[in-house]
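Got chain A sorted already, so can you dock chains B and C onto it with the hints?
Here is what each chain is made of, one letter per residue.
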Amino acid sequence: MDEVNAIAEGVWGRILRMKILYFLIGCAWLHIILSSQYEALMLKEQKMLMADMSFFLAGLGAVLSVLTLTFDLSKDLRQGTAIAYLSKSVSRTQYIFGKFLGTVWVGVVVTVLIAIGFFMIHNATYGSLPVVMVKAHLLIIISVLPMAAIALFFSTILSEAAAAVLTVATIWMAYSANAISSVSMLYGGIVPDLSLFNMRMEAVHGTQFGWSYIGLAFIWSVVYSVGLVSLSGIFFNKRDLG
Amino acid sequence: MDSNKKLIVTFICCFVIAGVLAIKLNRVQHQVSPTRKLVDNLPVAGSQKLLADIQWMQFIQYIGRQKTLDKSSAANVEKRLNNIIDLDPDFAKVYYDGALVLMNDNPDGALKVLEKGMLHPIIGRNWRLYMLAGHILIQGERANRHAHLPINYNRVKRAALYFKKAMNCADSQNYVVNQWLQAEAFNASETASHLTQLQTMLRLYKKHLTDMQDNENEMSTGIFGKYDTQEFIDKMISEALELRQESENQKGLKALLDEVVLTVFPNQEIDPYTLRPYPAGFRFSPQTGKPLKVHGVCKHCGRVLKGPFCWYDGTDNVAEWNKSKH
Amino acid sequence: MQNAIEIKGLTKFYRGKFFRLSVNPSLDNLNLNIPQGCVFGFLGHNGAGKTTAIKCLMDLIKPTKGSVTIFDLPVDSKEARKKIGYLPDAPSFSSHLSPNQFLKTCAKLVGLDWQLRKQRIEEVLTDVGMLEYASNNMGSFSRGMMQRIGIAQALLNKPELLILDEPLVGLDPQGRRDLLTIVQKQKELGTTVFFCSHILSDVEKLCDSVGILSKGKLLFAGALNQLTSSDGIVVKFPAEHLAIAQSFMMQADSSKKIDDGGVALEFITNNNWQLIKRASLPSNVIIEAHHGTLEEEFFKLTGEDTPGNT
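Residue numbers (the working numbering), protein chains in the order written: chain A, 1 to 242; chain B, 1 to 326; chain C, 1 to 310.
No lab work stands behind these hints: they were computed from the structure. Accuracy of the hints is not assured; some may be wrong.
What the hints assert, rightly or not - EDC-like cross-link-like pairs, simulated, lysine to aspartate or glutamate; straight-line CA separation at most 16 Å:
1. 65(C) / 160(C)
2. 306(B) / 316(B)
3. 65(C) / 9(A)
4. 236(C) / 288(C)
5. 238(A) / 76(C)
6. 185(C) / 208(C)
7. 215(C) / 28(C)
8. 44(A) / 2(B)
9. 75(A) / 160(A)
10. 254(B) / 271(B)
11. 71(B) / 105(B)
12. 206(B) / 271(B)
13. 79(B) / 105(B)
14. 158(C) / 76(C)
15. 187(C) / 204(C)
16. 71(B) / 97(B)
17. 78(C) / 39(A)
18. 62(C) / 240(A)
19. 93(B) / 240(A)
20. 238(A) / 2(B)
21. 67(B) / 105(B)
22. 118(C) / 89(C)
23. 78(C) / 122(C)
24. 205(C) / 178(C)
25. 82(C) / 160(A)
26. 78(C) / 2(B)
27. 158(C) / 123(C)
Said to hold, decoys possible - Among the chain B residues that face chain A by a calculated CB cut under 7 Å, a handful are:
28. 4
29. 7
30. 11
31. 17
32. 25
33. 28
34. 33
35. 46
36. 49
37. 53
38. 275
39. 279
Just so it is clear, CB atoms sit at the ideal spot from N, CA and C, and this is done for glycine as well.
The following block holds chain A by itself, in its conformation from the complex (with noise of 0.2 Å):
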């Protein structure tokens, strides 16, 4: 497990580093914060608006941060650092569990500071949060887990360009495809179901769902990302590197 964390930890320790990951969050709580100001342009509505802003933005740091490994990974393996590494005493299936967990970090925490500042804005402008919001943007942060393995995935299998498409338009599709999920098992099986951690509109509008739910989506979040993970580490394991 050491090894899986030291390589987490190059993956997360990078990007954690740089100062415009928290330029961005730093935008993205200014867009949350001017979107509570609009209250003539949304007839009163403009809670809604902050806390569907909140929720997009939370969204969509998720996915650039999962989209951070498709070309973390390609780039080792070019440059010859995941060569050093795999030479030493960790498996390939350690290396990309480790790039994967590394990846759920910065997603996490990513989500968690944008969510913060969210509950912070709201706090001040409106009093107390309600609960079901903190509970719709904790299935967003658990969402990274699913998201982070889809990106692992075809980045074991495919160049950085073709591996960050594929993962964007593979995500895009397991929040719209909502016309397949009456092929129960496919979708939420293999194609993933992103779906489930959207519940905006019922945070928004106030529908309560319990803490079950979370559990529920957070078990299969996990389930789902060590079935993937583990077919990324069959292919990696066949792969030719260097």
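Just chains B and C now, kept in the frame of chain A:
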């Protein structure tokens, strides 16, 4: 086991478990939020809610720019509203405010928007939607009547139905009853006059009495379960007084007024001026000062009876007492 | 004695377009045993398959056929990897990291205890002469500096087997000398060193054994002195005996002038050698055994006739 074999087994097991969990989660999700199935499945990566907000902003800007709504802009407004509803069916404001915008220039469009709201499991409990829908329908037919154009009684019936639904909603206001009565009256007669309205109210009160007799052990429902019976009676009497004031010599009015007071206040002495019962011993009407027929007093000393025999001089007043007790 | 590396029947076909296997193998039935404690030089022209072989040793590439063991352990096992230090060809590590940060990660991966990490990192950086650059970002490093960092990370875990792929490329003369010193030191410590290089003179200086690869086939593997063993004689005639030298000029395989004005004749072909032996020569004529240089033997074996075509 070879590490690759372990990975294959892990991958297969995880995907099967994930599939089962996803089915359960989907089910729970739809239980929590039954309106999810109404949301448009646009491929927008789950950002329907934000898009709905943006479209709402754009809608407000659009409305603000229009001085009046012509046919095409009214159709455009309806389309915009439908887009917002498809993206966010839980957005309550869209239905009512949107219909308000449309009601004069595109009443059918406004009705469609309201009817969408009526289908919503939560928003559909809002009495204002039904109230506005009824108002839109009946307003149109009143305008036709005023312009001596043919009246569509189906729309009037629909209006009455909507008003009744509004009345049945948990927090509706009392004036909804007025609207319903007017609609019922309009439905009953072309003129929908106060006379017709009073006749309708009397008919409903008689039905209520019949219902009460048939279901003695049950609480009353409908308007009397919701609105106090005394309130309804007060309303009827006010209507009757108003009618008498408006058109005292109208044919059939006296008979109707007599029927109303007899139905509402059976076996009671009625003040002909206020159309309400007055207490025993009253010689003059407190409201008008006009003389009243005295009742419930001793035939010997004229004091108010407290029982079948006079409390002052013991005179037998059994007949008078039986007549006046209620 | 246990072999450090055992390669049996190693064959590798790369996949080309549409995942079809290439017609010619990059490695063709390679069999090689390298004993412990040996310094083994692996030579071959460009595209011979050296790097492929090394990557098979490091389990970076999966062979099509054959097997490789490191100290009798499978190459993909953690136990084997713990004993190896590897320097890839032309390394280029994460440019945003400093040597300290990079080596810290490597130290964690090799399982170095946290208390020893800092000390060991300083040691290896000192060995490669990069201690003063320990906190600089590697993005600003030259190729030679990156090479030194690569050597440092290979040495971090005090490996029993050091695998170096073109270790001398990009190094300045000081760097080359430092590396040669490091290899020598490792040799004294009993570390098995396996490296490939194009600088044959350095291979000749360092290695006990060499292997020569050409088009995926192993042409020679064995002790260096076996390759460059005596294959004839050199007769050095001083200036006063030039006339005698002249008489043997036709039989000699080659001749060259020597410092004192005399001439040295090389007799490699057996018959000619025997001829000289039988001849009576003045006492100040020196007869020495002729040893071919590695470069010469290399070109002979690989059939390359253009020097410097490496």
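Hint check results:
A distance of roughly 26 Å separates the Cα atoms of residue 65(C) and residue 160(C); the hinted pair therefore is violated under the 16 Å criterion. The suggested pairing of residue 306(B) with residue 316(B) holds, with an alpha-carbon distance near 12 Å, which does not exceed 16 Å. Of the pairs offered as hints, the one joining residue 65(C) and residue 9(A) is violated, with about 37 Å between alpha carbons and a cut-off of 16 Å exceeded. Taking the CA atoms of residue 236(C) and residue 288(C), the gap is near 8 Å; set against the 16 Å cutoff, the hint holds.
The suggested pairing of residue 238(A) with residue 76(C) holds, with an alpha-carbon distance near 12 Å, which does not exceed 16 Å. Of the pairs offered as hints, the one joining residue 185(C) and residue 208(C) holds, with about 14 Å between alpha carbons and a cut-off of 16 Å not exceeded. Between residue 215(C) and residue 28(C), the direct Cα distance comes to roughly 8 Å. Compliance with the 16 Å bound is thereby established for this hinted pair. This hinted pair does not check out: residue 44(A) and residue 2(B) have alpha carbons roughly 62 Å apart, beyond 16 Å.
Proposed proximity of residue 75(A) and residue 160(A) is supported: the alpha carbons are some 8 Å apart, at most 16 Å. The straight-line distance between the Cα atoms of residue 254(B) and residue 271(B) is roughly 14 Å, inside the 16 Å bound, and the hint therefore holds. Proposed proximity of residue 71(B) and residue 105(B) is supported: the alpha carbons are some 7 Å apart, at most 16 Å. For the hint linking residue 206(B) to residue 271(B), the alpha-carbon distance of about 22 Å lies beyond 16 Å, and the restraint is violated.
Taking the CA atoms of residue 79(B) and residue 105(B), the gap is about 14 Å. The hint holds against a cut of 16 Å. Pair hint residue 158(C) plus residue 76(C) does not hold up; C-alpha atoms about 19 Å apart against a cutoff of 16 Å. Distance hint between residue 187(C) and residue 204(C) is fulfilled; the C-alpha atoms sit about 15 Å from each other, no more than 16 Å. Distance hint between residue 71(B) and residue 97(B) is unfulfilled; the C-alpha atoms sit about 19 Å from each other, more than 16 Å.
Distance check on the hinted pair: residue 78(C) and residue 39(A) sit about 62 Å apart at the alpha-carbon level, beyond 16 Å; violated. Restraint check: the Cα-Cα separation between residue 62(C) and residue 240(A) comes to about 6 Å, which is no more than 16 Å; the hinted pair holds. For the given pair, residue 93(B) sits about 59 Å from residue 240(A) by alpha-carbon distance, which is inconsistent with the 16 Å threshold. For the given pair, residue 238(A) sits about 13 Å from residue 2(B) by alpha-carbon distance, which is consistent with the 16 Å threshold.
Between residue 67(B) and residue 105(B), the direct Cα distance comes to roughly 12 Å. Compliance with the 16 Å bound is thereby established for this hinted pair. Restraint check for residue 118(C) and residue 89(C): not satisfied, since their Cα atoms lie roughly 26 Å apart, outside the 16 Å limit. Of the pairs offered as hints, the one joining residue 78(C) and residue 122(C) is violated, with about 25 Å between alpha carbons and a cut-off of 16 Å exceeded. Between residue 205(C) and residue 178(C) the alpha-carbon distance is near 14 Å, which keeps this suggested pair within the 16 Å criterion.
About 31 Å separates the Cα atoms of residue 82(C) and residue 160(A), which puts this hinted pair outside 16 Å; it is violated. Distance check on the hinted pair: residue 78(C) and residue 2(B) sit about 14 Å apart at the alpha-carbon level, within 16 Å; holds. For the suggested pair residue 158(C) and residue 123(C), the alpha carbons sit about 11 Å apart, so the restraint of at most 16 Å is met. Satisfaction of the interface hint for residue 4(B) is found here, the shortest Cβ-Cβ separation to chain A being roughly 6 Å, below the 7 Å cut-off.
A cut of 7 Å between beta carbons decides the hint on residue 7(B): the least distance to chain A is about 4 Å, and the hint holds. The closest approach between the C-beta of residue 11(B) and any C-beta of chain A is roughly 4 Å, which is under the 7 Å cut-off, so the hint is satisfied. A distance limit of 7 Å between C-beta atoms decides the matter here; for residue 17(B) the minimum to chain A is near 5 Å, and the interface restraint holds. Because the smallest distance between the Cβ of residue 25(B) and any Cβ of chain A comes to about 5 Å, under 7 Å, the interface hint for this residue holds.
Taking 7 Å as the C-beta cut-off, the interface hint given for residue 28(B) holds, the closest approach to chain A being about 6 Å. Evaluation of the residue 33(B) hint against chain A yields a held restraint, the C-beta minimum of about 5 Å falling below 7 Å. For residue 46(B), the interface hint holds, since its Cβ comes within 7 Å of a Cβ in chain A; the closest pair sits about 4 Å apart. Interface hint at residue 49(B): satisfied, since its Cβ lies 5 Å from the closest Cβ of chain A, which is below the 7 Å cut-off.
For residue 53(B), the interface hint holds, since its Cβ comes within 7 Å of a Cβ in chain A; the closest pair sits about 5 Å apart. Taken as an interface hint, residue 275(B) does not check out: its beta carbon lies about 47 Å from the nearest beta carbon of chain A, beyond 7 Å. The restraint placing residue 279(B) at the interface with chain A is violated, with a minimum CB-CB distance near 53 Å, outside the 7 Å limit.
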